[in-house]
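Going down the list, the protein sequences come from chains G and D. Position 278 (the first sequence) corresponds to 278 in the working numbering; numbering is contiguous. To get the working numbering, take the position in the second sequence, counting from 1, and add 309.
Treat the hints as calculated values from the structure; they're not laboratory data. Where hints are given, some of them may not hold.
To be verified - Result set (SDA-like, lysine to any residue): computed pairs, CA atoms no more than 20 angstroms apart in a straight line:
id, chain 1, residue 1, chain 2, residue 2
1, D, K552, G, N221
2, G, K174, D, G459
3, G, K174, D, D415
4, G, K307, D, K556
5, D, K329, G, A157
6, D, K525, G, K273
7, D, K525, D, T333
8, G, K307, D, I558
9, G, K56, G, D218
10, D, K461, G, S119
11, D, K504, D, A375
12, D, K341, D, V495
13, G, K273, D, G536
14, D, K528, G, P120
15, D, K556, G, D218
16, D, K454, D, E360
17, G, K116, D, T526
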Amino acid sequence: MAVLVIAEHDHGALKGATLNTVTAASQCGGEVHVLVAGHNAAGAAQAAGQIAGVAKVLYADGASLGEQLAENVAAQVLALAGSYSHVLFPATAHGKNVAPRVAAKLDVAQISDITKVVSPDTFERPIYAGNAIATVQSADKVKVITVRTTGFDAAGAGGSAAVDSVAAVGDSGKSAYVGSEIAKSDRPELTAAKIVVSGGRAMGSSDKFNEVLTPLADKLNAALGASRAAVDAGYAPNDWQVGQTGKIVAPQLYIACGISGAIQHLAGMKDSKVIVAINKDPEAPIFSVADYGLEADLFAAVPELVKAI
Amino acid sequence: MKILVCTKRVLDYNVKARVKADGTGIDLAGAKLSMNPFDEIAVEEAVRLKEKCAATEVIAVSCGVAQCQETLRTAMAIGADRAILVETAEELQPLAVAKLLKALVDREQPGLVILGKQAIDDDCNQTGQMLAALADLPQATFASKVEVAGGKAKVTREVDGGLETLEVTLPAVVTTDLRLNEPRYVTLPNIMKAKKKPLETLKPADLGVDVAPRLKTLKVSEPPKRGAGVKVPDVATLVAKLKNEAKVI
Numbered sequence: 001m002a003v004l005v006i007a008e009h010d011h012g013a014l015k016g017a018t019l020n021t022v023t024a025a026s027q028c029g030g031e032v033h034v035l036v037a038g039h040n041a042a043g044a045a046q047a048a049g050q051i052a053g054v055a056k057v058l059y060a061d062g063a064s065l066g067e068q069l070a071e072n073v074a075a076q077v078l079a080l081a082g083s084y085s086h087v088l089f090p091a092t093a094h095g096k097n098v099a100p101r102v103a104a105k106l107d108v109a110q111i112s113d114i115t116k117v118v119s120p121d122t123f124e125r126p127i128y129a130g131n132a133i134a135t136v137q138s139a140d141k142v143k144v145i146t147v148r149t150t151g152f153d154a155a156g157a158g159g160s161a162a163v164d165s166v167a168a169v170g171d172s173g174k175s176a177y178v179g180s181e182i183a184k185s186d187r188p189e190l191t192a193a194k195i196v197v198s199g200g201r202a203m204g205s206s207d208k209f210n211e212v213l214t215p216l217a218d219k220l221n222a223a224l225g226a227s228r229a230a231v232d233a234g235y236a237p238n239d240w241q242v243g244q245t246g247k248i249v250a251p252q253l254y255i256a257c258g259i260s261g262a263i264q265h266l267a268g269m270k271d272s273k274v275i276v277a278i279n280k281d282p283e284a285p286i287f288s289v290a291d292y293g294l295e296a297d298l299f300a301a302v303p304e305l306v307k308a309i
Numbered sequence: 310m311k312i313l314v315c316t317k318r319v320l321d322y323n324v325k326a327r328v329k330a331d332g333t334g335i336d337l338a339g340a341k342l343s344m345n346p347f348d349e350i351a352v353e354e355a356v357r358l359k360e361k362c363a364a365t366e367v368i369a370v371s372c373g374v375a376q377c378q379e380t381l382r383t384a385m386a387i388g389a390d391r392a393i394l395v396e397t398a399e400e401l402q403p404l405a406v407a408k409l410l411k412a413l414v415d416r417e418q419p420g421l422v423i424l425g426k427q428a429i430d431d432d433c434n435q436t437g438q439m440l441a442a443l444a445d446l447p448q449a450t451f452a453s454k455v456e457v458a459g460g461k462a463k464v465t466r467e468v469d470g471g472l473e474t475l476e477v478t479l480p481a482v483v484t485t486d487l488r489l490n491e492p493r494y495v496t497l498p499n500i501m502k503a504k505k506k507p508l509e510t511l512k513p514a515d516l517g518v519d520v521a522p523r524l525k526t527l528k529v530s531e532p533p534k535r536g537a538g539v540k541v542p543d544v545a546t547l548v549a550k551l552k553n554e555a556k557v558i
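One chain only, chain G, in its complex shape (with noise of 0.2 angstroms):
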């Protein structure tokens, strides 16, 4: 049987996470099959179809769909799942939000997060912001799955499968759209960028914050991130929160800029390649992940580290 990847989209292009997903998919046994629900989505479809590994793409096109909204996403899942022996999603806001309706309608668990394949019906996953890892296996006859993106590379180009179109679903009419404020920026995107640079509660304003780190991301062409203390501090927005309730991050290098770094931060970005951390208590946790710890205070040291590179 066959392996259906749930794309995420904006409609006219893929979102980066649905390259990682097609890799765990491939792993699963079977063709790999993208299904686009979307409006007017027919960029993300021929997207899909250029993904190395994927056979076949299904481009749902329904005014339905235009806002992602979970009950019709779901609802046009479901519409297909019956025949896929795994469904796959990224673990994304997106991915987490519809999945688990896809499982509880098709009554079988759903396998959060997986970090590794071991076999079809068995996998790994984090427990406990990452402080423990289950192996689990599931019996159900299809396999619902969010797939933890910085487990899994991203899938190449040089794919060339059929876009099939599928029926589009009708609009629950229990749910509406009211409207997003979505950050616009020239950054690379938190979850997928090379290089991250993050701040903690240390960077005591918001002001200081933009002001001390952001001339180094400049530099570095990295993403902004940031401790939950930061955030909930308000010296950064609420989607650069990286930890165990935020985003997960693994790039190639993370540079934690007076983050102390509590075990659910550690959550967050303990996969990335190599780890920085600037903070002038000698005695902070996140020197016992850092690859390079640098004792100093940030407010001199990180200007001197834009100069110097």
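Chain G is fixed; fit chain D onto it per the hints.
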């Protein structure tokens, strides 16, 4: 309008989870267990809605062992009016909890169900969405703002990249994100008052729900350890190491 609010008893937020030596799970013996922090936010939000007269009764629910009564007493100390414990010693997975909650939704007919977005033990982030699907209700997950008026809830949600606002027709399911509110401290008089509030105990069989686990945990292991690296004396050394040793800039 009634609000049903769901709470889970988990290893306390401040306690580090230790993997059992035999790899069967997490060692909870003697450890401090508390209400899941996201559920505390859910209870607080429900109580605030009642205080704003958007609701008439707040019912707290927990599913699990007999000690979950303590969690429910905490919910009632925050301000829930009564509580229901679905008691079982069996391991409960999100699908089973969602089915138990669906049975309670059928019985209590709440206008709103509020749950934490995820429990900090299994980190599943499933139960609210599953309940919404089983009860055929609209959902607004990861809420950072909830306004109830005219048979609808306007909910601002935390999504990747920013915020999104939805309007859902009640009854509906809302799950809470971190910044929806700051739960109040429970006071001693309210803890005493909570002891006198009604707490009903049911069994899964009373609700006609099969709670048998669907996923089998084969093993639980420590994550790969990340060794501490080196301390560098100054910025120049750091830049040299990043360029020549790590080759990441």
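Hint check:
1. D/K552 to G/N221: holds, 16 angstroms
2. G/K174 to D/G459: Given that 20 angstroms is the threshold and the Cα spacing comes to 14 angstroms, the pair holds.
3. G/K174 to D/D415: holds, 18 angstroms
4. G/K307 to D/K556: Given pair G/K307, D/K556 holds - Cα atoms ~18 angstroms apart, limit 20 angstroms.
5. D/K329 to G/A157: Measuring from Cα to Cα gives roughly 43 angstroms; hence the hint is violated.
6. D/K525 to G/K273: Answer violated: D/K525 to G/K273 is near 32 angstroms, above 20 angstroms.
7. D/K525 to D/T333: holds, 11 angstroms
8. G/K307 to D/I558: holds, 14 angstroms
9. G/K56 to G/D218: At roughly 40 angstroms apart (the allowed maximum being 20 angstroms), G/D218 and G/K56 break the hint.
10. D/K461 to G/S119: violated, 45 angstroms
11. D/K504 to D/A375: holds, 15 angstroms
12. D/K341 to D/V495: holds, 18 angstroms
13. G/K273 to D/G536: Distance of about 12 angstroms is within 20 angstroms: holds.
14. D/K528 to G/P120: holds, 17 angstroms
15. D/K556 to G/D218: holds, 19 angstroms
16. D/K454 to D/E360: holds, 16 angstroms
17. G/K116 to D/T526: Since the Cα atoms of G/K116 and D/T526 sit roughly 15 angstroms apart, the hinted pair holds (cutoff 20 angstroms).
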